[in-house]
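K.L.:
As a plain string of letters, each chain reads:
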Amino acid sequence: MAESSDPIELELFKNAIFSIADEMALTVFRTTYSGVLKDNMDYSTGFADANGKLAAQGLTLPGHLGSVPTAMDAIMRHFKDNMAPGDVFIMNDPFDGGMHLPDIFVFKPLYHAGERLAFACTVCHHIDVGGRVAGSNASDSTEIYAEGLRIAPMKLYEAGKLNKTIMTFIEKNVRLPVQLFGDLRAQLAACHIGETQFAEIVARYGPEKTRFYLKEVIDYAERLTRAALEKLPDGEWSFEDWIDDDGVDYGKPIRLFVTIRKTGGHMMVDWTGTNPQVKGAINNTLSFTKAASYTGVRSVLPPGIPNNEGVFRAIEVICPPGTVGNGVLPAACAARGLTGFRMVDCMFGALAMMLPDKVKAAGDGGNTGISIGGYDAGRKPFVYVDFTCGAWGARPWADGLDGNSHMFANMASHSIEVTEAEQPMQLLAYEFVADRAGAGKFRGGVPFRRDYKFLEDEGMLQVRSDRRDHRPFGLYGGSPGAPSENYMDPDGENRLLPSKLTMTIKKGEVFRHVLAGAGGWGDPLERDPAAVLRDVRNELLSPQKALADYGVVVDTPAWTIDAAATARRRDEIRRARGWTETPKVQWHEPELLRRAAE
Amino acid sequence: MAVTYRAGVDIGGTFTDIVLLGSDGTVHTKKISSSVGNYAQAIVDGLSEVFGETGLSGAAIDEIRHGTTVASNAILEHKGARVGLITTKGFRDVLEIRTLRMPKLYDIGWTKPEPLVERYLRKVVDERIDHRGHVERALDPADAGRAVDALLAEKVEAIAVCLLNSFANPVHEAMLKEIIVAKAPHLPRSLSFEVLPEIKEYERTSTTVINAYVMPIVATYLRALRKGLDAGGIPARLLLMQSNGGLTTDGAAAERPMNIIESGPAGGVVGAQALARTKDLDKIITFDMGGTTAKASMVEHGEVARAQEYAVGAGIMIGSRLLTGAGYTLKVPAIDLAEVGAGGGSHVWIDGGGALQAGPESAGASPGPVCYDQGGTEPTITDANVLLGYINPGHLVGGALKLNADKARAVFAEKIAKPLGMPIERAAYGAHLIVASNMIRAIKAVSTERGRDPRDFALFAFGGNGPLFAAGMAASLGINRVVVPPSAGLFSSFGLLYADVEHHYARTFRRLLRRADLGEIAAAWDALARQASDQLAAEGFTGERARLRRSAALHYKGQSYELTVPVPPGAIDTRMATHLEQAFAEEHERTYGHRAGPDEPVELVSIQLVGSGLREGSGVPQSVAPSRRDSVVQTSRQAYFGDPHGWLETPVLSRADLAGGHAGPLIVEEYDSTCVVPPGAHAERDDGGNIVISIG
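Same order as they appear, the protein sequences are chains V and H. Using the numbering used here, the letters of the first sequence correspond one by one to residues 1 to 598. Using the numbering used here, the letters of the second sequence correspond one by one to residues 599 to 1294.
By construction, these hints were calculated from the structure, which means they are not laboratory data. Glycine included, C-beta positions come from ideal geometry on N, C-alpha and C. Keep in mind that the hints are not guaranteed to be accurate.
In the BS3-like style, the derived pairs of lysine-lysine whose C-alpha atoms are separated by at most 30 Å in a straight line are [unchecked claim]:
1. V:K358 <-> H:K781
2. V:K209 <-> H:K825
3. V:K231 <-> H:K1016
4. H:K710 <-> V:K358
5. H:K710 <-> V:K164
6. H:K1000 <-> V:K215
7. H:K1013 <-> V:K209
8. V:K172 <-> H:K1155
9. V:K507 <-> H:K1155
10. H:K753 <-> V:K584
11. V:K506 <-> V:K545
12. H:K687 <-> V:K453
13. V:K215 <-> H:K1013
14. H:K1155 <-> V:K506
15. H:K781 <-> H:K687
16. V:K545 <-> H:K753
17. H:K1155 <-> V:K453
18. V:K231 <-> H:K710
19. V:K545 <-> H:K710
20. V:K545 <-> H:K687
21. H:K1013 <-> V:K231
22. H:K687 <-> V:K507
23. V:K161 <-> H:K1155
The following label-pair restraints were derived from C-beta to C-beta distances [claimed, not checked]:
24. V:R204 <-> H:E755: 38 to 48 Å
25. V:N82 <-> H:A1169: 54 to 64 Å
26. H:A1114 <-> V:K507: 21 to 31 Å
27. H:W947 <-> V:E171: 49 to 59 Å
28. H:H676 <-> V:Y145: 51 to 61 Å
Work out the full structure: start from the sequences and follow the hints.
P.N.:
Structure follows, in structure tokens:
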């Protein structure tokens, strides 16, 4: 008998299946060893149906939405008829279903009476998987072979029996096996919880209905997505943005180019025109490009759409192979996070052309990755990995957020005190920097700086940052933000370093990273002078900058605004700049001149 | 011997409930409106009215136990003090940067909560202490004085101090304290080394600031209440409910108001805990459902499960345990409550994908459900319950509120049943099941997420709507026993009467158990014990009535999340260290399903101690005798119970009628709640006046 969908049973089933996915996510969260995994929420959990189609993904990392289907496809390709109860699959190869090497997938097929009904899925970013640089995050590797251990889709457990050979290979090729195995145990624990609870669902609904509603939950997400897309205007919009360079070919900008085509309940996101793949390790897999595309589109759709295959059916993503958005062997991809974040911002640019009142300007560009690794006096390895970001682009109705994770990651900062207790590191500063947010009717988010003092004898410092030459753009009259900066010895020599670097760091040396300021939205001369005054009083904006950018005259001892002088000054600025119409997108000017010259 | 009374006073959103419990088991209750400017006066007036009705006098009351939202409201409404914050140079923005995380994915409209101290009121001092407590850069008293002066010049109403690594060495904070005391002796101050000597600068800063932020408002409130009680001839001592479920004195609450922020919902849980002890129920899950939210918590072996930190004003959302970043972080122990936006007022609606939904939007008290006939236009859960025959349209609040069932039916038909193409009772029953499944997520959050199987627990249901849903939810969770206490709708104030005085202490102490100097750890614990004993003695609890319990937060070295295990009495020696390692590994396995190998080092993260002041006797009467009698005329009506039962003629009884036991289906109608016992279940009234339902 063919099942028919019951709207009540559908909701009850969906509630049950997503609560298991969330519970699996909590299990990882609580049992993990690594701060990266926990604080960056750099992991995902979920369920796929018997054919490997994603039915439910736990609420953790937007960057992983799209990762499970590709990985599941690889598992199905390799093992379709060679699966049995008690099997557990492991993999991380970017060219065989993975994303980048630190992301290890663990899948467990779930059976009822000998018949496969679903898969429990987990993917976690591990702190180190070997390779030439601690943390396995180097942005200057030029081929995958330098980046660490590649794990092809394999059975970690076969019919419940652990394959010790795989574990031994891993153990001998990573820097911190105890941590890696701890986190692998967290993934296995999550699969175990998923399996137990899924069995309860099957007991309640029976295998037929379970199979039916796993499919129905996917169809339901598709219906929701299409209904939401229907409400957006039809048409085609493009946007272009640039990554400064790949950290290998310094100074050679990398083009991102996206076209979105919206027709009824369907959206095409087309990255044709994006730069060919590069030597540096910032090449995306297609799965990651998809995640970036979904993130952009989902930010303008209503909340409450389940994360699964149904969403992917309504939002189609293409990107030609051999580009930075879809690298092919031997592309290095460890630091591809950078490209993913910037693709999200590029999506915002295109969506802002489609929906001028709904989308934000560019933020700081997403995570800066900083890692310091080496060996202590007793030759024990240490690996410190810090990802940080925090300035949101201004929105058409409000300032950009100050100190808030990029939407693609939703990471948390690691406690400074815990870092100091566990790592050969002292933090000397973690605070906002004035005068670096893009001006606008609504200003961009204020960036912060972090100063790291290194305490071990010697280590290798790796930095992956960007938005130095190509600053975060402003929208509809808003100014671009200030560039990101790296310095060695900020209170002494204060030597400016490139945006991407690998160098030796010695005891007592201080490295400073300043995030890029975010872009503004709308004409700065329309900003409420009281908001300008507030920023001046809070020392996020100097009185000089208030005058130059906003035309606001602030009396600092009295904390008042000279209204008449402000009106005069704003008039002068307005005449001098001579806008005939409000510029839709504002870039940093020298960069425009340079590009025009090319 | 003359009968003495304990009074429980619980301020809720709309009503303040007053319950008086006599030493002979007599109970008097009173509801007064919360919508007054002066809560303190309202309480005194309410008590006076009870005296007028009962002939009691103020002298008959020996204790007033109070759950208050005055502190949480100050935070939610941003009406706390103008606070100045002093912190380490380079770290001025720890409070505002928070953890970077936001609670909603893909939300381009997210607004971060405003920091409770604006940036220009955050001053820095040039000092540095390393994580071991070594002073790297000494604080210059002149520099410290300048920071304090700058804040005083800004006319702050309280000062908070939180320096980096002060948990390891408080010397600089202590210096700042002296300077503040010298310059402004009466200014409220909150120092992180006193308030929360624990690692993690953001959590400590936020907690220290929240404490300062509500200090003046709580102190003023408590003074006014004391004065009002004195003037009203009520000399009884005043105890406040804390977020952790223990009581504290008004003096201690004024000093550390951070402990009473989630005072409100704690009463019901503690009441359930006390009743469970008397009934020898080792494991219960409490379930409290009202008009807009439902809350669940777990009590195991007589102990309430606690969270070590939570966010004030974070709102309610499913998945919130994963997605943090809303509200204001407070790192004080609190009853671990999982809350969902599910109540009688929850809207029932059909989403864009054609699935039926319930909540989290709510019709609230105004306009309320459609059947209230006060302008509500969206179908709600209460409307569904009326249609299903569970709620008597003529009986709610003892008949004071007449419901319009026809209106509810019309709205459900038009907005739900017709679009879904199903009979109206199926649609209503579906809404009932869906809201129940949302609440089941809350119950799973406190049980299965901790590795506990809900089937091992009894469900303890209260709140206006709890008893209506409990039996059905228990059935789908595999729970076979439900307990509904007397006056279930007023149980939060009852619970206040059963609580003990409790003070929680903790200190960060990161040491590998196998390598630690155990003498040093023992000394630190002894210091906490002295602090607790002194506090309890000052409140009149000594000897056997002062009970100290130690616990330890532990993890495998490298993990960033701790589990807390109890520390049995005895010396802190190597045997104890081994015991703790084992207890931790067992708890880890129980909670997460696995443990590491025996060689994996276990790290002590913080030492904890709870000091309890115990009453003489259990404090819980054998049975309670409410002065208000429910007068239900035995009758019956049609109620719908889904497939395969459909509509059944269902007896409507009073609690008293259950004495000899009665098979479902049946409905127990009471003044403050309605209890539904589905077919297949069996209900009886026990000696304590509780309804005990056995499922299938």
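K.L.:
Please go over all the hints and tell whether each is borne out by the structure.
P.N.:
Quick rundown of the hints versus the structure:
1. V:K358 <-> H:K781: 51 Å, violated
2. V:K209 <-> H:K825: 65 Å, violated
3. V:K231 <-> H:K1016: Holds. K231 of chain V to K1016 of chain H sits at ~24 Å (cutoff 30 Å).
4. H:K710 <-> V:K358: 18 Å, holds
5. H:K710 <-> V:K164: Answer violated: K710 of chain H to K164 of chain V is near 48 Å, above 30 Å.
6. H:K1000 <-> V:K215: 45 Å, violated
7. H:K1013 <-> V:K209: Given that 30 Å is the threshold and the Cα spacing comes to 28 Å, the pair holds.
8. V:K172 <-> H:K1155: 21 Å, holds
9. V:K507 <-> H:K1155: 25 Å, holds
10. H:K753 <-> V:K584: 45 Å, violated
11. V:K506 <-> V:K545: 37 Å, violated
12. H:K687 <-> V:K453: 15 Å, holds
13. V:K215 <-> H:K1013: 27 Å, holds
14. H:K1155 <-> V:K506: 27 Å, holds
15. H:K781 <-> H:K687: At roughly 22 Å apart (the allowed maximum being 30 Å), K687 of chain H and K781 of chain H satisfy the hint.
16. V:K545 <-> H:K753: 28 Å, holds
17. H:K1155 <-> V:K453: Judged against 30 Å, a Cα distance of about 24 Å means the pair holds.
18. V:K231 <-> H:K710: With Cα atoms ~28 Å apart, K231 of chain V and K710 of chain H stay inside 30 Å; holds.
19. V:K545 <-> H:K710: Within the cut-off at roughly 25 Å; holds.
20. V:K545 <-> H:K687: 24 Å, holds
21. H:K1013 <-> V:K231: Given pair K1013 of chain H, K231 of chain V holds - Cα atoms ~22 Å apart, limit 30 Å.
22. H:K687 <-> V:K507: 22 Å, holds
23. V:K161 <-> H:K1155: 28 Å, holds
24. V:R204 <-> H:E755: 38 to 48 Å: 56 Å, violated
25. V:N82 <-> H:A1169: 54 to 64 Å: Taking Cβ atoms as reference, N82 of chain V and A1169 of chain H lie about 58 Å apart, which means the hint holds.
26. H:A1114 <-> V:K507: 21 to 31 Å: 28 Å, holds
27. H:W947 <-> V:E171: 49 to 59 Å: Cβ of W947 of chain H to Cβ of E171 of chain V: about 53 Å, so the range 49 to 59 Å holds.
28. H:H676 <-> V:Y145: 51 to 61 Å: With a Cβ separation near 56 Å, H676 of chain H and Y145 of chain V satisfy 51 to 61 Å, so the hint holds.
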